[in-house]
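Undergrad: Residue numbers (my numbering), protein chains in the order written: chain A, 1 to 201; chain B, 1 to 106; chain C, 1 to 441.
None of these hints come from the bench; they were simulated from the model.
There could be a bad hint or two in this list.
[Unchecked claim] Here are the simulated lysine-lysine pairs, DSSO-like style, with alpha carbons at most 30 Å apart:
{"no.": "1", "chain 1": "B", "residue 1": "Lys79", "chain 2": "C", "residue 2": "Lys423"}
{"no.": "2", "chain 1": "C", "residue 1": "Lys325", "chain 2": "B", "residue 2": "Lys79"}
{"no.": "3", "chain 1": "C", "residue 1": "Lys84", "chain 2": "A", "residue 2": "Lys120"}
{"no.": "4", "chain 1": "C", "residue 1": "Lys317", "chain 2": "B", "residue 2": "Lys79"}
{"no.": "5", "chain 1": "C", "residue 1": "Lys420", "chain 2": "C", "residue 2": "Lys325"}
{"no.": "6", "chain 1": "B", "residue 1": "Lys79", "chain 2": "C", "residue 2": "Lys227"}
{"no.": "7", "chain 1": "B", "residue 1": "Lys36", "chain 2": "C", "residue 2": "Lys97"}
{"no.": "8", "chain 1": "C", "residue 1": "Lys382", "chain 2": "C", "residue 2": "Lys29"}
{"no.": "9", "chain 1": "B", "residue 1": "Lys79", "chain 2": "C", "residue 2": "Lys420"}
{"no.": "10", "chain 1": "A", "residue 1": "Lys27", "chain 2": "C", "residue 2": "Lys322"}
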Amino acid sequence: MNPLLAGVMLATIWCAGALVVLYMRTKAFGVRQLHSRPAGDARAGVRYAFTQGMAPQAKESVRMNPLSYLAGMLYHTGIFAGLALLGLKLSGLGTPRVLGIVALLGATGGIALLGKRMFKAHLRGISCPDDFVSNLLATGFAALAGITCFLPSFASLWLIETIALLIYAPLGKIRHCLFFFPTRYHFGAFFGRRGVLPPTA
Amino acid sequence: MSVLDFNGTQVQLNEEGFLVEPSIWTEELAAFLALKEEGLEQLTEDHWSVIRFIRGHFLENDSAPMVRAMCKTTGVPLKRIYELFPSGPAKGACKLAGLPKPDGCV
Amino acid sequence: MSDVDELETRLEALTEADFQRGLEVFRSKLKEAEAAFLNACVHCGLCAESCHYYRMDPVLENIPAAKLETIAAVFKRHFTTMGKVAPGLVGARSMDKDMARAWVDAVFGRCSLCGRCSLNCTVGILLPRLFRAARAALGAMGLTPPDLQATVDTALKHGNNMAITREDWVETVQWIEEELQMETGDPEARLPLDKHGAKILFTVNPREPKFFPLSLQASAKVFWAAKEDWTLTADHGWDLTNYGLFNCKDEEAGLITQNLVDAMARLGCETLVIGECGHGFASARWEGEEWLKQGFPFKVMSILELMDEYLRDGRIKVDPAKHPKKVTLHDPCNLVRHGGICEAQRRVLRASAADFVEMTPNREHNFCCGGGGGQLAMGRYKARRLNSGGMKAQQIRDTAAEVVVTPCHNCVDQLGELNKEYKLKVQIKTVAEIVADALVP
Chain A
1 MNPLLAGVML
11 ATIWCAGALV
21 VLYMRTKAFG
31 VRQLHSRPAG
41 DARAGVRYAF
51 TQGMAPQAKE
61 SVRMNPLSYL
71 AGMLYHTGIF
81 AGLALLGLKL
91 SGLGTPRVLG
101 IVALLGATGG
111 IALLGKRMFK
121 AHLRGISCPD
131 DFVSNLLATG
141 FAALAGITCF
151 LPSFASLWLI
161 ETIALLIYAP
171 LGKIRHCLFF
181 FPTRYHFGAF
191 FGRRGVLPPT
201 A
Chain B
1 MSVLDFNGTQ
11 VQLNEEGFLV
21 EPSIWTEELA
31 AFLALKEEGL
41 EQLTEDHWSV
51 IRFIRGHFLE
61 NDSAPMVRAM
71 CKTTGVPLKR
81 IYELFPSGPA
91 KGACKLAGLP
101 KPDGCV
Chain C
1 MSDVDELETR
11 LEALTEADFQ
21 RGLEVFRSKL
31 KEAEAAFLNA
41 CVHCGLCAES
51 CHYYRMDPVL
61 ENIPAAKLET
71 IAAVFKRHFT
81 TMGKVAPGLV
91 GARSMDKDMA
101 RAWVDAVFGR
111 CSLCGRCSLN
121 CTVGILLPRL
131 FRAARAALGA
141 MGLTPPDLQA
151 TVDTALKHGN
161 NMAITREDWV
171 ETVQWIEEEL
181 QMETGDPEAR
191 LPLDKHGAKI
201 LFTVNPREPK
211 FFPLSLQASA
221 KVFWAAKEDW
231 TLTADHGWDL
241 TNYGLFNCKD
251 EEAGLITQNL
261 VDAMARLGCE
271 TLVIGECGHG
281 FASARWEGEE
291 WLKQGFPFKV
301 MSILELMDEY
311 LRDGRIKVDP
321 AKHPKKVTLH
331 DPCNLVRHGG
341 ICEAQRRVLR
351 ASAADFVEMT
361 PNREHNFCCG
371 GGGGQLAMGR
381 YKARRLNSGG
391 MKAQQIRDTA
401 AEVVVTPCHN
411 CVDQLGELNK
421 EYKLKVQIKT
431 VAEIVADALV
441 P
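Extracted from the complex, chain A is given alone in its bound form:
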């Protein structure tokens, strides 16, 4: 087996294992037992949180920052395209160029957000080095995934960068790839239970 592919496998195991450990640690804080009577349906709130609640029109913050939202969507789509390419590569199924284009577009989204973080004082003010490291690793991953579709000689570099990304992911803020889900769940359950979400009007 190609040692780089083996490295990716090992890094994936590390990443998944470390995320599981992080998740168990938050679970260890325990569940909050609630005594008040629900006014609404927590499950309906959770369903809303993962569906319409994520739509751009549900959030003023998105409506006011359409470019950031667009960059963010592009970025995440690009990363998922990169992950799809990685899966295909590991399965020996080749790297379709259409996915490569999506990944490259994603990388431009990542670069745009990195630029915003560097040059907007307020965003720089709420950032720590991890924010930059995480962005560079994920942007690099999407970019190299895309480049490899067109220039196969970049495959090794891409895989090395993938290993770095997977090793780092649970250590920094990329862990939100996991914690997004429980956060969104608790958000929906809270507002659902209180009868606030889904909205009435």
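Using the hints provided, position chains B and C relative to the given structure of chain A.
TA: What follows is chains B and C alone, placed relative to chain A:
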């Protein structure tokens, strides 16, 4: 904290415009605060009877009186109190009477 | 000594044991939800404009994510591996005097716990939950703003947060009863006190009997018109407020809640009805049972729900022509975004006022008036409170309404100050006041 210059005397007000030292209160200071803090140019006899009652109650009980007692003792009707003191009995009348800010949602 | 000097003196006196105690309390307030939240912020910064503090004063410290990061930094340093191994990389900071000062500034000085940022968070973090945990930790370190704590202490000592004596309360109730009898021309119109077995125990905000009894009279008039079987109580349990929601000391909040529970048991009432008060409603309806760690054997309702039912069932009739002026509605955060009471007040207002217009945004997206989270009790931050209320002042202006209605005495107070500060020239009323004036036989 802010400081008002009252005829050459430095009067300290807390963040909410209440006297830091309630003991320095005088009627002249009340009239001055009425203008500076409440925008009241002229205090009428009704104003004074409410202010004097609140002051007396404060000196005796170390607290602001109920609006019930203000009306009952001074004979000023309830709705008139709100007209006399646009900021209300607490942030208007009690402030002019040199009381500290009452606790609670006021 | 000013509050600011006082804070510095307290910070100077903090010992390592104080920091440890604060951290322990902080940790004890976190459950899996909060632990997930603390791992979820990606510092995207899109929350900034959701905050009325930031809108009116766009400085870094007012960004919700910046406030959260102040809290999360300490969490990372003390409770996560990466925060211990590589604090510089992940922005972890030890709890010390400077961080304690930053916490006080962030969670008491720049936040009304309104939760508007939660709805606008990319991920969905419930930021107020974490700010509450931080307030509790600061309380354990003796850093609760003294005037906020005094309000809680007064409630614990006197059974109401304005130290009103039983005699003064009862006398005011009797006086308002006479006033109601004059207003209605009905010598049988009552404000019943300690009526055993009444269906409803009605609770009020102490500022009503103390300074603003017309809103109590208005609520009583609605009950009178609906021929409701209701009562007030002369003893502890008539005050619906609970500033324990704001100092975030759950034990104290629980003791205050217990007054309501005891009054319900003493009088054998079926339903506890909370007068127009946002935090009072959230405390009784949502938090009280959590503080006491057990369910209530009775139902808790807002008077808004009750008035809505009266209209639906034809128990009261109103004529909107009695309110020809343009009316708008301010949504208290604790009643709407955090309380789930959203449409009742709208149905009631549409029925009782001819020209009702919504603010934009409204309902769960509404802006805080700036007076929430105990801000009205913290003199230290008055300038920020009034400044942050500029957002609300603009919303009100945009409606061109002459009357602003809000079902919360805390909001009424802040709106009154905004009225003066921003020269809005509006009248500020509670919903019951609008309904009472619109009643027809």
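Undergrad: For each hint, tell me whether it holds in the structure or not.
TA: Taking the hints in turn, this is what the structure says about them:
1. A C-alpha spacing of about 22 Å is found between Lys79/B and Lys423/C, which places the hinted pair at or below 30 Å, so the restraint holds.
2. Pair hint Lys325/C plus Lys79/B holds up; C-alpha atoms about 20 Å apart against a cutoff of 30 Å.
3. Of the supplied pair hints, the one linking Lys84/C and Lys120/A holds, its CA atoms being roughly 29 Å apart against a limit of 30 Å.
4. The straight-line distance between the Cα atoms of Lys317/C and Lys79/B is roughly 26 Å, inside the 30 Å bound, and the hint therefore holds.
5. Our distance criterion of 30 Å between C-alpha atoms is met by Lys420/C and Lys325/C, whose separation comes to about 20 Å.
6. Pair hint Lys79/B plus Lys227/C holds up; C-alpha atoms about 27 Å apart against a cutoff of 30 Å.
7. The straight-line distance between the Cα atoms of Lys36/B and Lys97/C is roughly 39 Å, outside the 30 Å bound, and the hint therefore fails.
8. For the hint pairing Lys382/C with Lys29/C, the CA-to-CA distance comes to about 28 Å; that is within 30 Å, so the pair holds.
9. This hinted pair checks out: Lys79/B and Lys420/C have alpha carbons roughly 19 Å apart, not beyond 30 Å.
10. This hinted pair does not check out: Lys27/A and Lys322/C have alpha carbons roughly 57 Å apart, beyond 30 Å.
Figure legend: structure checked against the earlier numbered hints; hints not met, in rising order: 7 and 10.
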